[in-house]
Amino acid sequence: MNKLRKRLTEQFNDPEYRHIYCSDFLDDSVATQIRVLRESRGLSQAQLGALIGTTQGGISSHEDPDKARWSISTLRKIAKALDVALVVKFESFGNILDDIVSFSRESLAKPSFEDDPAFRQTEPAPIIAVTLAVYPRPTKSMVQRDQTALGLPERAVANAAFAYRVFATEGTAIWNNPPINRQP
Amino acid sequence: MLLYEYAEPALRPEDREGVISLWMRDDLQKRQRVQLQQKLDRLAQVDYDIARDWLAGTDAPGIFKLRLRGNVQVRPLCCYGPALPKAEITFLLGVTKKGGGDVKKNDLDRAGARRLQIEVDSNWRIPYEQTKEAPN
Chain A
1 MNKLRKRLTE QFNDPEYRHI YCSDFLDDSV ATQIRVLRES RGLSQAQLGA LIGTTQGGIS
61 SHEDPDKARW SISTLRKIAK ALDVALVVKF ESFGNILDDI VSFSRESLAK PSFEDDPAFR
121 QTEPAPIIAV TLAVYPRPTK SMVQRDQTAL GLPERAVANA AFAYRVFATE GTAIWNNPPI
181 NRQP
Chain B
1001 MLLYEYAEPA LRPEDREGVI SLWMRDDLQK RQRVQLQQKL DRLAQVDYDI ARDWLAGTDA
1061 PGIFKLRLRG NVQVRPLCCY GPALPKAEIT FLLGVTKKGG GDVKKNDLDR AGARRLQIEV
1121 DSNWRIPYEQ TKEAPN
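Chains as they are written, first to last, in our numbering: chain A, 1 to 184; chain B, 1001 to 1136.
Everything labelled a hint here was simulated from the structure, so no lab data went into it.
Check the hints yourself; a few may be wrong.
As the list claims (entries may be wrong) - Computed footprint of chain A on chain B; a stretch qualifies when at least three of its residues, placed anywhere within it, have a C-beta under 8 Å from a C-beta of chain A:
1. 1031-1045
2. 1050-1058
3. 1061-1069
What the hints assert, rightly or not - Some but not every residue of chain A turned toward chain B, in silico, with C-beta under 7 Å:
4. Tyr-17
5. Tyr-21
6. Phe-25
7. Leu-26
8. Asp-28
9. Asp-66
Glycine residues also receive a C-beta, built at the ideal position from the N, C-alpha and C atoms.
Looking at chain A on its own, in the form it has when it is part of the complex (with noise of 0.2 Å):
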């Protein structure tokens, strides 16, 4: 079991020490993540300011835990600027010390909706999809002529099906005029 985990499964058992803990955790955790997700946005602490109609100095206040004083109403606008959804909710204390025990820039930092993969369609099959059914060993220069001939965008097979498809039109004309560098 993780140290700090194991140390605090026996501490949570005060009930003082647990309510302290985590009103302290909500703070450094709210004020660290409005940092991390306006850095990885590439927004200045002004540029957020102005998105949700307050100062560069008051972001800087909401980002540190030592003096901030949100609202549910602040912190609803900040998560709109971001595009990311607000949830509050009362959580168990087994629960939270998941979040406790994996807190890092990295845990705290989520997508916009614009980069969130749930909204993204499944990642293109690359190119190489449709070679790959005409010679078993392509080279990467096999693989540029077969895009050219094709007509097709670097990343534009959208998936298995249609890589088949593409190849049982499209590629019969290729196999019917073998390239030089055909593989046996």
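Following the hints, complete the assembly by docking chain B onto the known chain A.
Chain B alone, transformed into the frame defined by chain A:
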């Protein structure tokens, strides 16, 4: 960040206790102790870019204070490094002050002297053991 604390030498290495661990155990009230423990836990999880915003400078060059909420202000004094300035923080002295005002010059001088000491000889510090002192 890797956290260390200044520690007086002892006859037996296992008897050595760091100044912050002693301060937390002997001088801080429960709320202050838990708040500081929480902050130290977070400090140990973040990188330099975040940690530097949680430390405020003082009138003494190279000496920083870690800020916590509260009426009685708990201000552990520390320095970066000294071995790896962007990866280590060494706590040098615990300061508790009531009301406003800066950290007293005497405290800053003491922290500064300890900083010089650990720069010359890193044996004057020990890793801050988060599991060593866990009083409720």
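The hints, checked one at a time:
Here's how the region 1031-1045 of chain B fares: 9 of its residues keep a CB closer than 8 Å to some CB of chain A, so the rule of at least three is met and the hint holds. Counting residues of the region 1050-1058 of chain B whose beta carbon lies closer than 8 Å to any beta carbon of chain A gives 3, which reaches the threshold of three, so the coverage claim holds. Given as covered by chain A, the region 1061-1069 of chain B passes the check, having 3 residues with a CB less than 8 Å from a CB of that chain where 3 are the minimum. This hint holds: A/Tyr-17 has a C-beta 5 Å from the nearest C-beta of chain B, less than the 7 Å allowed.
Look at A/Tyr-21: its Cβ gets to within about 5 Å of chain B, closer than 7 Å, so that hint holds up. Taking 7 Å as the C-beta cut-off, the interface hint given for A/Phe-25 holds, the closest approach to chain B being about 6 Å. At its closest, the beta carbon of A/Leu-26 sits 10 Å from a beta carbon of chain B; the interface hint therefore is violated under the 7 Å criterion. Hint on A/Asp-28 holds. Least Cβ distance to chain B is approximately 5 Å, under the 7 Å limit.
Proximity of A/Asp-66 to chain B holds as hinted, the smallest CB-CB distance being about 5 Å (cut-off 7 Å).
This entry does not satisfy hint 7, going by the numbered hints stated previously; all others are met.
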